[in-house]
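The hints should help you fit chain H onto chain Z, whose structure is shown.
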Amino acid sequence: MTDDTARTGRAAVLDRWRRSPMLLRHLAAALAAFLGIVLLTSVTDPFTNLRIATIGYHLVAVAGLALLIGVSGQISLGHGAFMFIGAYTMALLVIHVPGSPLWANLLLAIAASCAAGVAVGAATARLHGPYLAGATLILAVGLPAVALRYPEALGGSNGLTFSVAGTPPALSDTVPDPRWQSWVVWLAVLLALVVVANVSRGRLGRRLRAVRDDEAAAALSGLRPGRLRTVAFVISAGCGGLAGALQAYLLGTATPSSFGLALSLSLLAAVVLGGLGSLWGALWGALALVYVEVWGHDAAEALGLSDHVANNLPIALFGAALIAIVLLWPSGVQGGLARLGAAVRTRRIGPGGRPD
Amino acid sequence: MTSTEGTGGLLVEDVSVRFGGVVALRDVSLTAAPNTVTGIIGPNGAGKTTLYNALCGLVRADSGRISWRGTPLLGRRPDELAGLGVARTLQGMNLFPLMTVAENVMVGADRLARGGTLAALTGLGRVGRDERRLRARALDALAEFGVAHLAEALPPSLPFGLRKRVALARALAADPDLLLLDEPAGGLSAEEIAELAERIRGFRERMTVLLVEHHMDMVMDVCDHIAVLNFGRVIAAGPPEAIRADAAVTEAYLGDAA
Chain Z
1 MTDDTARTGR AAVLDRWRRS PMLLRHLAAA LAAFLGIVLL TSVTDPFTNL
51 RIATIGYHLV AVAGLALLIG VSGQISLGHG AFMFIGAYTM ALLVIHVPGS
101 PLWANLLLAI AASCAAGVAV GAATARLHGP YLAGATLILA VGLPAVALRY
151 PEALGGSNGL TFSVAGTPPA LSDTVPDPRW QSWVVWLAVL LALVVVANVS
201 RGRLGRRLRA VRDDEAAAAL SGLRPGRLRT VAFVISAGCG GLAGALQAYL
251 LGTATPSSFG LALSLSLLAA VVLGGLGSLW GALWGALALV YVEVWGHDAA
301 EALGLSDHVA NNLPIALFGA ALIAIVLLWP SGVQGGLARL GAAVRTRRIG
351 PGGRPD
Chain H
1 MTSTEGTGGL LVEDVSVRFG GVVALRDVSL TAAPNTVTGI IGPNGAGKTT
51 LYNALCGLVR ADSGRISWRG TPLLGRRPDE LAGLGVARTL QGMNLFPLMT
101 VAENVMVGAD RLARGGTLAA LTGLGRVGRD ERRLRARALD ALAEFGVAHL
151 AEALPPSLPF GLRKRVALAR ALAADPDLLL LDEPAGGLSA EEIAELAERI
201 RGFRERMTVL LVEHHMDMVM DVCDHIAVLN FGRVIAAGPP EAIRADAAVT
251 EAYLGDAA
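As they're listed, the protein sequences go chains Z and H. Going letter by letter, the first sequence gives residues 1 to 356 in UniProt numbering. Going letter by letter, the second sequence gives residues 1 to 258 in UniProt numbering.
This is chain Z alone, in the form it adopts within the complex (with noise of 0.2 Å):
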């Protein structure tokens, strides 16, 4: 009697969460994922504090081209070209005007990538699969090698280097460095995320997965079809850049090696392997894309192999992890768990019928 109690107090409660407005569910949602952060950030060492917050702008890279992927049905081998322009735009702003603040830095290393991206896709919106694949492949190779065209203002290879400010003068007896940073780096991520995920699961999401799923059936229903897909690649570019600009921040560094075209590619496989529809498969791709290269170095370490195969072993790592999880499951890591949970769902309440 009391167990039923609890479970129509639950339903009761889990109504309300679905009713309540959007924009409260996701902002609640990140304001929880944010204090796990603090958390997580006060409880481990300097180093894997450094570590979460690269996984932070990863997963806001993902999650971008993810939305781009999976809603709009664009596909991008571009995307570490936003990275590019949101992290040099960050350090030319840190060395040329000095008084700007972060937030301020970061909204405008946002506003320079969607420009970028307003050309791009205003460009690609009448390109289809292979096409808009080559033509956003292009932007991978090509915009990095700007930084080479113009070394004294962009530092040539050796990018440019700047120093960022740590934790503020008040807090900065308890809070070190790394784990200010990492809020910092968690807090832009979050909001950005809410803003991905208001598209997603909005007008905006139902209108782009309209003009994917059947483009003369949206057009019909009044969706414009090429501005659609260009509003979905400026934000999928916004998303680009703010990780640039939060990886710029993280490392005081922006070199164009960073943004090649592995970048671009990895960014794709991390969307892959983790799964569309779901920001969870984000964060699976992300964690991919950090741990595996941790992994390969400690691996290579480990194994005293030269410095030729051990650079190689994290690319050959994620490329194997890719095969293997897209055999297992072909919907990436989270359509499988979401497959595991269902499954163990119905063992527990057994195939006879619900337990009520």
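Source of the hints: derived by calculation from the structure; they are not laboratory data. Source: prediction; values computed, not measured. Backbone N, C-alpha and C define an ideal beta-carbon position, used for all residues, glycine too. Please note that the accuracy of each hint is not assured.
Using C-beta positions, here's what the derived DEER-type ranges look like [claimed, not checked]: (1) Z:A29 - H:R129: 17 to 27 Å; (2) Z:A33 - H:E191: 52 to 62 Å; (3) Z:A216 - H:F231: 40 to 50 Å; (4) H:R65 - Z:A145: 30 to 40 Å; (5) Z:W280 - H:A33: 15 to 25 Å.
Chain H alone, transformed into the frame defined by chain Z:
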């Protein structure tokens, strides 16, 4: 013909469409008075769907004029039509397969929402109100076709007849004034066709209907006026009784079918 201009119906004048060397429509003219059902019939390849596509901006007409309530339709993008109160069902239904039935119909109702992109990003402003309004409208439209209980189903899981109803609900969700139906009876059972005919007669109170259909009994039954196309030309036009009696029509079309 010009008399319809003032009364605000659909006016198609001398529309021609060529695909390379093939003339799909040649100087096609027809009118549809407000709150009537106008049938467009003809053998396969006669140009019925091409006429619809020209109306909706999916195909560019080489010459001619089309106006709806005095507003020219030619030269517009397909997505502008919904804003002018024009809705269309597609022959293949073209439901969004990965979206629920309710979401499908909410897309159909989308022009009733007002929020912009900024609201969509932030989740602020009209977002909640828009979403409730679209959902309520979608459920109403589904209820009209007796399929409100399928709101959370995915279209590919539904039988053919029910998918057709969902497609109709999507087209009607935005309260159109002009509805273009493309073979709505195709693949339906006799019982379902009778029910559909009854509905289409009912649509007349709210809107003007154009009906492309092969099921001749239904066309004769529901239409106030019929235009017959053959090889891209209008070969006859008039009330159902006149069309049934027309020798040219019998030869071109009905004779084949009998």
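Now for the hints, and whether the structure bears them out:
no.: 1; hint: Z:A29 - H:R129: 17 to 27 Å; verdict: holds (22 Å)
no.: 2; hint: Z:A33 - H:E191: 52 to 62 Å; verdict: holds (54 Å)
no.: 3; hint: Z:A216 - H:F231: 40 to 50 Å; verdict: violated (26 Å)
no.: 4; hint: H:R65 - Z:A145: 30 to 40 Å; verdict: violated (53 Å)
no.: 5; hint: Z:W280 - H:A33: 15 to 25 Å; verdict: violated (56 Å)
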